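J.: On the provided structure of chain G, position chain B as indicated by the hints.
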Amino acid sequence: MSSARSLLGIADLPADDIGRILSTAEGFGSVMDRDIKKVPTLRGRTVVNLFLEPSTRTSTSFELAAKRLSADVVGIRGAGTSMDKGETLKDTILTLEAYDPDVFVIRHPQVGACALAGRYTDAAVVNAGDGTGEHPTQALLDLYTVQREIGPIAGLHVAFVGDVLHSRVARSGIQAFLRMGARVSVVAPPTLVPRDLASGLGTEVSADIRDIADADIVYVLRMQLERMGDGGFVPSLEEYARMYQVSHARLRPGQRVMHAGPVNRGVEISGAVVDDPGSLIEAQAANGLVVRMAVLYDVLSEAASGGGAAREAA
Amino acid sequence: MSAVADTNPRVRLPQRPGAPANVVLRGARLLDPAAGIDATGDLVVRDGVIGGDAAGLEEIDATGLTVIPGIVDVHVHLRTPGKEHAEDIASGTASAAAGGVVTVLAMPNTQPPTDNPSILGSLLQRAAQEAVVPTGFIPAITVGQQGDALTEHGDLAEAGAAALSDDGVPVASALVMRRALQYQRATGLLFTLHEEDMSLSGDGVMHEGAVSARVGLAGIPGVSEAVQVARDCALAGYEGARIHICHVSARETVEEIRRAKERGVRVTAEVTPHHLLLTEGVIDGNPDPARFKMNPPLRSEDDREALIEGLVDGTIDCIATDHAPHPADEKENPFAEAPFGVIGLETAFAACNTELVEGGRMPLSDLVLRMSTVPAQVFGLPVPTLAEGAPANLAVVDTAAVDRVGERPYASKSMNAAFAGMDLTGRVVMTIAGGQDVYRRTA
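From first to last, the protein sequence lines stand for chains G and B.
Mapping of the first sequence onto the numbering used here: position 206 corresponds to residue 206, and the numbering continues sequentially without gaps.
Basically the numbering used here = 1-based index in the second sequence + 1000.
Chain B on its own, in the form it takes in the complex:
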């Protein structure tokens, strides 16, 4: 029994209509480890498909640049419906395109929550008109994310749901979670779980550790995440179900997942760029600490090291951003009152390239697997590839270019970036998603 699914043909990933890309990228490094490609040469995209005749196509000198399969981000908040002032499908997916992301999956904690086939249907319809990159939706596990009644998992699967999640509001009842896991045998839909025992998190707003002790903010302990993961791994193992753990943040959780995988539980996990790069230390004495407020919180250096080790050894399978836009007005409040969340689509590649590749923790080829190939496989989505005949889903990156985050305007409607002001190495120059030419960096 594998933790990875076959491609789920029912998942719908609509994108707005657009002209197919027609371009030749000359002299680039072509890197697609899953397809065994690592060579310098030309890449032809004709009518939105990789390969074919280069004659008559626009030519781009890509010398010194690298072409990789585009990023697949399985954890994004598009804030639609209900919070379109923070983000909408058009702006969120434009932000994705600017980050080299060719597929996003949107979480259901919207207003109202995406918890029935008609809301899902209307979102899929809107995405088919507005989404810059192919966009899928993850409806709620329970009605209203209330943790009581299951949503219509079968109907949602039929309507094209990509997975199910009560993101942000973990399923508190073990019984409800067990029934959902049992029902997976009828629907095949993956559960992607924000793991937190709310009785342990209480009114916590940051990591429970040395910094919270010093500044006096209520803490969210690492074990709050780990005990819920332990519960759900036990349930998934018992039911033979498949689960995916969202945004792992604590060493205890990494260890829990490692043990579960060793005993054969079909569990996969993701980690965010901000948890890989930042720790609780950035909050201490910072004049604008709410910029670093997210859930799960930035934890200790020891936790951060455990996340990197877990990613490197495969305990954590992939990277996802948890892109969570909030308007500046809402972040300009005392820390405890400011909302949880940071944006991340546009900086994910640069952040991970800086920390992991430049930092010597993994080669670029492994980073490509963890940001593109593996998340697609885990969620049963089409895997972006540079192989001949595949639809073009790629990013052109300059792995050496350094940008200071925030110096250029964000494509997102929101600016709550934890990396703002940091110099990151790695720049997305061009993105082709769903065969369409969706992003080119200017200047």
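This is chain G alone, in the form it adopts within the complex:
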């Protein structure tokens, strides 16, 4: 059982911990403005990046985050499920324990894989995306981005639009914004919304794109074609675009648009909105690094262990 602090999901992350990580990220943000962008904070620590599902931006930003903190980084990539490879996730973790890592950063195609890994290591486990489960560092960087670009989160209205059913970004994001005091609604084709989302997560649900009207932030979700199997969730991507695409015609001035990427231009979002300097999409991509630095620092920080100084002070 993992004895270190882990970041498995937003579901079990208190608001105080979120606040502490975000303020740590602010601190690292100033480091990124220097010429030498490296700090000795995690010198001598070992971070294993175990990516068992395709990833570009998340794996790159975790790797760079660990290097900026002067940690030793081991990157391991694989594909498919653990059972397809013949070796179970348990055995992979037990094998990598030989490197005596301090942190496992894990992306895996199955829900709950990071929690499972945590049963077999004393290292901290950071969930970098577990199937359709959670993607907590994405949610944290989304909060960070909104705080920096817009201001305090409490009281804002965030509308998530699109494929909530298959989206770990939505699952973590909805919980993160709610926990920080935002109002969260979901606008999506009814076939792409979990049946008990409203009671399970505490959101409003609508099938009408016009209901994004009073949102401060419109968070566009990628149509996850790779998770839709034989499909049938929507009649066609063209109809989806006609009914749900977030475009300038459907936005009012002042609404800010977010997307975790990669975007399907012309499907869930118009190219013009992606390229609009008012959208937060570029800022999200840029902020991934400092937030992941903050997360690595946080799970390894002595001050934070056992509840955290920030939590006690709060």
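In case anyone wonders, no lab produced these hints; they're calculated from the structure.
Here the structure is a predicted model, which is why all the values come from computation and not from measurement.
A couple of the hints might just be wrong.
[Said to hold, decoys possible] With a straight-line cut-off of 20 Å between C-alpha atoms, the simulated SDA-like cross-links for lysine to any residue are:
#	chain 1	residue 1	chain 2	residue 2
1	G	K38	G	R77
2	G	K90	B	N1286
3	G	K38	G	G86
4	G	K37	G	E26
5	G	K90	G	R77
6	B	K1261	B	R1251
7	G	K67	G	G44
8	G	K90	B	A1411
9	G	K67	G	D102
10	G	K90	B	P1327
11	B	K1261	B	D1006
12	B	K1083	G	D102
13	G	K37	G	R77
14	G	K90	B	A1328
15	B	K1261	B	G1237
16	G	K90	B	E1330
17	G	K90	B	D1329
18	B	K1083	B	Q1129
19	B	K1261	B	I1308
20	G	K90	B	R1251
21	G	K90	B	I1308
22	B	K1083	B	E1330
23	G	K90	B	P1339
24	G	K90	B	M1415
25	G	K67	G	M32
26	B	K1083	B	A1328
27	G	K90	B	E1332
28	B	K1083	B	A1411
T.: Same frame as chain G, but now just chain B:
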């Protein structure tokens, strides 16, 4: 037309040879509601038969204990042939004996599936050498459980099959199901049906509800079960056939069965202890959630309440465990990759006694009917009874003793128990099955 069959004389329930029990249970509460017995006194078992002369027999002080007709579990996986590392006939029936179970019926989703008279014959032969308690077998409805060609129902009935089922792999084609139901008129064999519309279940791994929405696991909706039950009740009603619905899990299914019974369909149903006690909530945030992965899945509190109400009002006739052993290695995987199933033979009485009797939902006498008398009647098996002259098939229970599940080793080869760590009230102290002294709790 009754939903319950007469005893089917062709059903074979072999048990390994053993010395007949000879014992006197002194001062126990003797409880056999079907035989009108509820008294405190002594029970003599002589040469494996209830009653007779107590002289010279071993005496057991059973003061404070209750003697009940032994449990009949009509839904068990013995994993033989093919998965003997998870369970075999000897270990599975030892697990039964430790749970006060005096008869088990084993499902056919083995490797290869039990789908022809020669596999059935070899299983019956092995049971006659290894089975600790009388053991019957339920062969497949279709060849290889593929849902296409019917197995040789007539030959299987002649060879001693207890019923027929494609358990785990529901018969998808309504036409194949209809032909099977028609053919029942020639064989008399009951169909015991795992009900699920696989097109609705899809790649689901847990109940579709608030928890699946939160954790992101693919859901199996309650209606996936209910629509298949509705189909098969319609077909059974039309053909005048008799069907038994396995492990009912959803409120919608309870309502479907209730309506079918009201209009005279010959349908019976079972529910498992885990669906009576647990809900989807146990999965949320649990470090070892695969321990609670089974099909049908644990559903909502509303579903659980509907199951208890259905059991109490008779819509659901009986309790069966769906004892489904899996090795720890296979459960130590991400939830979606771990196999469906939990063991249950050794905890069934304690779980149901805790939830239903201690919980005030039904008296112990009704629980005995639902775990022993009724399942035997539904499947046309000999009914365990404490009546004089009957072969001894009984359990001695301590209805007040509390045990923490998992603190003692399981008799099963597998340990995938959903109730592990729970304190349950009700302990099986002794089991006599088929007239043999098959289990005594030590320490």
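J.: Please verify whether K90(G) and P1339(B) have alpha carbons no more than 20 Å apart.
T.: With a Cα-Cα distance of about 16 Å, the restraint between K90(G) and P1339(B) holds, given a limit of 20 Å.
J.: Assess, step by step, whether the Cα of K1083(B) is no farther than 20 Å from the Cα of A1411(B), and give holds or violated.
T.: Satisfied, since the Cα-Cα distance of roughly 17 Å is no more than 20 Å.
J.: Just to be careful, I want the Cα atoms of K90(G) and R1251(B) compared with a cutoff of 20 Å; is the pair within it?
T.: Violated, at roughly 37 Å.
J.: Going straight from one Cα to the other, do K1261(B) and G1237(B) come out at no more than 20 Å?
T.: holds, 10 Å
J.: When you check the alpha-carbon spacing of K90(G) and D1329(B), does it fall within 20 Å?
T.: Answer holds: K90(G) to D1329(B) is near 9 Å, not above 20 Å.
J.: Compare the distance between the alpha carbons of K67(G) and G44(G) with 20 Å, and conclude whether the hinted pair is satisfied.
T.: holds, 11 Å
J.: Quick one, are K38(G) and G86(G) close enough, alpha carbons at most 20 Å?
T.: violated, 39 Å
J.: Given the hint that K1261(B) pairs with I1308(B), does the C-alpha gap stay at or below 20 Å?
T.: holds, 17 Å
J.: Run the distance test for K90(G) versus M1415(B): straight-line Cα separation, threshold 20 Å.
T.: holds, 18 Å
J.: Given the hint that K1261(B) pairs with R1251(B), does the C-alpha gap stay at or below 20 Å?
T.: holds, 15 Å
J.: Would you mind confirming whether the straight-line C-alpha gap from K38(G) to R77(G) stays at or under 20 Å?
T.: Between K38(G) and R77(G) the Cα gap is close to 25 Å, so the pair fails against 20 Å, i.e. violated.
J.: Taken at face value, is the distance from the CA of D102(G) to the CA of K1083(B) at most 20 Å?
T.: violated, 39 Å
When the structure is compared with the earlier hints, violations turn up for hints 1, 3, 8, 12, 13, 20, 21 and for no others.
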